[in-house]
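Asker: Sequence:
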Amino acid sequence: MKCTRISFLFFLIFCTLGFSQQDYKGQLLDSETGEPLPYVNIGVFGKGIGTVSDEEGLFHLPIDKSRLSPSDIVQFSAMGYTTLKKPVSSLEFVYNEYPKIVMQPESVVLNEVIVTNKGAFEISDVVGYQNYGEKTFGYWKDNISLGGELATKIQVKKGVRKLNTLFFEVFANPSDSILVRVNIYETGKSRTTVGKNLNSSNKNILYTIQPNTKLAVVDLTPHSIYVTDDFFVSLELLKVYGDKPIGLVLAASAEKGTYSLRKFASMDKWERLTQSAMAYHLNTTYYSDSKRAESKVAKAQKSKQNISGFIFSSRRPLRNVKVTNLTTNQETFSNEKGRYQILGEKDDIITFEGDGYKKMTVILLDKTNINMNLHRE
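Position 231, counted from 1, in the sequence shown is what the working numbering calls 435; the numbers after and before it change by one each time, with no gaps.
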């Protein structure tokens, strides 16, 4: 009889725990087209409860009512759509289907026009932070949920600049592949908080980190993102492929006087990490009317060395392979013998692109002669 009571008590506790947490799920759709909405941020603000919808607009959000009040709000937020809010008390819990939830597209808002008397000279400028072999890193482990972000403040000289390319290094990735979204934020009112998202293209900046990715190169030019002051760059977790838990390790910078922000799920609060910066760096175009600034860049260009070598595949030289220095925006092509030549210096990033071949990216070290063997796609 005693054992029966203990078992019954355990059953009651188990049932109580089971009923306190429920699976809130659904499918998010565009109210006008009926199309699924992928990668929508969903969560209860500041509670560490959040997720992201998948490619079909489907989502699962565990709701623990013991941690929430009926007046707490679940928010649905997506670029180009009006934020949708639902009180916890109004949520519909079902088991065998995904209730449809529609979101309203926002009215088309033209990109902000930046008026400036500068712009006579376009200056290629690399900003942000890099890892120069230091054993410093940032990582995501299995305690991060979908929608979790890792952001770093990029300090720049005031003035109009366009963001062209984002780079970050991957130290380790035990997962199959990881899909992330790049977010560019202005600084908030306190300058230590995140402000509005500066990507007004209404198109997500997506990047898939493959198992063999060492250097990530993200093209930002299609999104026409301009900044005039310091800003934040963030990587947001959207999907983990395969069965292995996430253990992504990214390069960080040892530079002093920097800081980063992180949150563990969609709609969670940002947490500040002092004396730390992820090694996010960007190739930008700075607009200036200063001849002095132009001459400074020209002088820096003169200090660069000729980087040369041969490009081949299966021991055959490849012609018309585009070689680009992403740091300076200079490009050239290999000749009929597969030979190329381009200006560069240490830490410049060089890409090699040929039709039908996998794109290769290298960071220049001290060598001035680099031969590249390309592999077919």
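It should be emphasised that the hints constitute simulated quantities derived from the structure, not laboratory data.
Some clues are possibly wrong.
Claimed, not checked - Straight-line alpha carbon distances no greater than 25 angstroms define the calculated DSS-like cross-link-like pairs of lysine-lysine that follow:
#	residue 1	residue 2
1	K251	K229
2	K289	K473
3	K289	K418
4	K526	K361
5	K526	K473
6	K448	K229
7	K304	K289
8	K393	K418
9	K460	K443
10	K290	K339
11	K251	K339
12	K418	K562
13	K361	K400
14	K443	K400
15	K366	K304
16	K269	K289
17	K339	K361
18	K339	K550
19	K443	K541
20	K251	K418
21	K473	K339
22	K366	K345
23	K251	K400
24	K361	K304
25	K362	K345
26	K362	K304
27	K448	K418
28	K418	K400
29	K229	K473
30	K508	K473
31	K562	K541
32	K345	K526
33	K460	K362
34	K448	K541
35	K418	K550
36	K443	K345
37	K571	K526
38	K563	K407
39	K407	K304
40	K407	K289
Asker: With reference to the structure, classify each hint as holding or not holding.
Answerer: We went through each hint and held it up to the structure:
1. Restraint check for K251 and K229: the C-alpha separation of about 18 angstroms stays at or below 25 angstroms, so the hint holds.
2. Pair hint K289 plus K473 holds up; C-alpha atoms about 17 angstroms apart against a cutoff of 25 angstroms.
3. Taking the CA atoms of K289 and K418, the gap is near 40 angstroms; set against the 25 angstroms cutoff, the hint is violated.
4. For the hint pairing K526 with K361, the CA-to-CA distance comes to about 32 angstroms; that exceeds 25 angstroms, so the pair is violated.
5. The straight-line distance between the Cα atoms of K526 and K473 is roughly 44 angstroms, outside the 25 angstroms bound, and the hint therefore fails.
6. With a C-alpha separation of about 24 angstroms, the suggested pair K448 and K229 falls inside the 25 angstroms cut-off, and the hint holds.
7. The hinted pair formed by K304 and K289 meets the criterion: a straight-line CA distance of about 15 angstroms does not exceed 25 angstroms.
8. Taken as a hint, the K393 and K418 pair is broken in the structure, with Cα atoms around 35 angstroms apart against an allowance of 25 angstroms.
9. The straight-line distance between the Cα atoms of K460 and K443 is roughly 32 angstroms, outside the 25 angstroms bound, and the hint therefore fails.
10. Of the pairs offered as hints, the one joining K290 and K339 is violated, with about 45 angstroms between alpha carbons and a cut-off of 25 angstroms exceeded.
11. Distance check on the hinted pair: K251 and K339 sit about 33 angstroms apart at the alpha-carbon level, beyond 25 angstroms; violated.
12. Under the criterion of a C-alpha separation no larger than 25 angstroms, the hint pairing K418 with K562 is consistent with the structure, at around 15 angstroms.
13. For the hint linking K361 to K400, the alpha-carbon distance of about 20 angstroms falls within 25 angstroms, and the restraint holds.
14. Of the pairs offered as hints, the one joining K443 and K400 holds, with about 23 angstroms between alpha carbons and a cut-off of 25 angstroms not exceeded.
15. For a cut-off of 25 angstroms, the pair hint linking K366 to K304 is broken: about 39 angstroms separates their Cα positions.
16. With a CA separation close to 17 angstroms, the supplied pair K269 and K289 stays within the 25 angstroms bound.
17. Of the supplied pair hints, the one linking K339 and K361 is violated, its CA atoms being roughly 28 angstroms apart against a limit of 25 angstroms.
18. With a C-alpha separation of about 19 angstroms, the suggested pair K339 and K550 falls inside the 25 angstroms cut-off, and the hint holds.
19. Straight-line distance between C-alpha atoms of K443 and K541 comes to about 43 angstroms, which puts the hinted pair past the 25 angstroms bound.
20. The suggested pairing of K251 with K418 is violated, with an alpha-carbon distance near 34 angstroms, which exceeds 25 angstroms.
21. In summary, the hint linking K473 to K339 is not supported, as the alpha carbons are separated by about 28 angstroms, beyond the 25 angstroms threshold.
22. Note on K366 and K345: the hinted pairing is violated, with a Cα-Cα distance of about 33 angstroms set against a maximum of 25 angstroms.
23. Of the pairs offered as hints, the one joining K251 and K400 holds, with about 21 angstroms between alpha carbons and a cut-off of 25 angstroms not exceeded.
24. The suggested pairing of K361 with K304 is violated, with an alpha-carbon distance near 47 angstroms, which exceeds 25 angstroms.
25. The hinted pair formed by K362 and K345 fails the criterion: a straight-line CA distance of about 36 angstroms is larger than 25 angstroms.
26. Simply put, K362 and K304 have alpha-carbon atoms about 46 angstroms apart, too far for the 25 angstroms limit, and the pair is violated.
27. Between K448 and K418 the alpha-carbon distance is near 19 angstroms, which keeps this suggested pair within the 25 angstroms criterion.
28. With a CA separation close to 30 angstroms, the supplied pair K418 and K400 exceeds the 25 angstroms bound.
29. A C-alpha spacing of about 23 angstroms is found between K229 and K473, which places the hinted pair at or below 25 angstroms, so the restraint holds.
30. Taking the CA atoms of K508 and K473, the gap is about 45 angstroms. The hint is violated against a cut of 25 angstroms.
31. Distance restraint check for K562 and K541: the Cα-Cα separation of roughly 20 angstroms lies within the 25 angstroms cut-off, and the hinted pair is therefore satisfied.
32. For the proposed pair K345 and K526, the alpha carbon gap of about 38 angstroms is over 25 angstroms, so the pair is violated.
33. In summary, the hint linking K460 to K362 is supported, as the alpha carbons are separated by about 21 angstroms, within the 25 angstroms threshold.
34. Proposed proximity of K448 and K541 is contradicted: the alpha carbons are some 45 angstroms apart, above 25 angstroms.
35. With a C-alpha separation of about 18 angstroms, the suggested pairing of K418 with K550 holds against the 25 angstroms cut-off.
36. Distance restraint check for K443 and K345: the Cα-Cα separation of roughly 13 angstroms lies within the 25 angstroms cut-off, and the hinted pair is therefore satisfied.
37. Restraint check: the Cα-Cα separation between K571 and K526 comes to about 20 angstroms, which is no more than 25 angstroms; the hinted pair holds.
38. For the proposed pair K563 and K407, the alpha carbon gap of about 24 angstroms is at most 25 angstroms, so the pair holds.
39. As the CA atoms of K407 and K304 are separated by approximately 23 angstroms, the hinted pair is consistent with the 25 angstroms bound.
40. A threshold of 25 angstroms between alpha carbons decides the hint, and for K407 with K289 the separation of about 22 angstroms falls inside it, so the pair holds.
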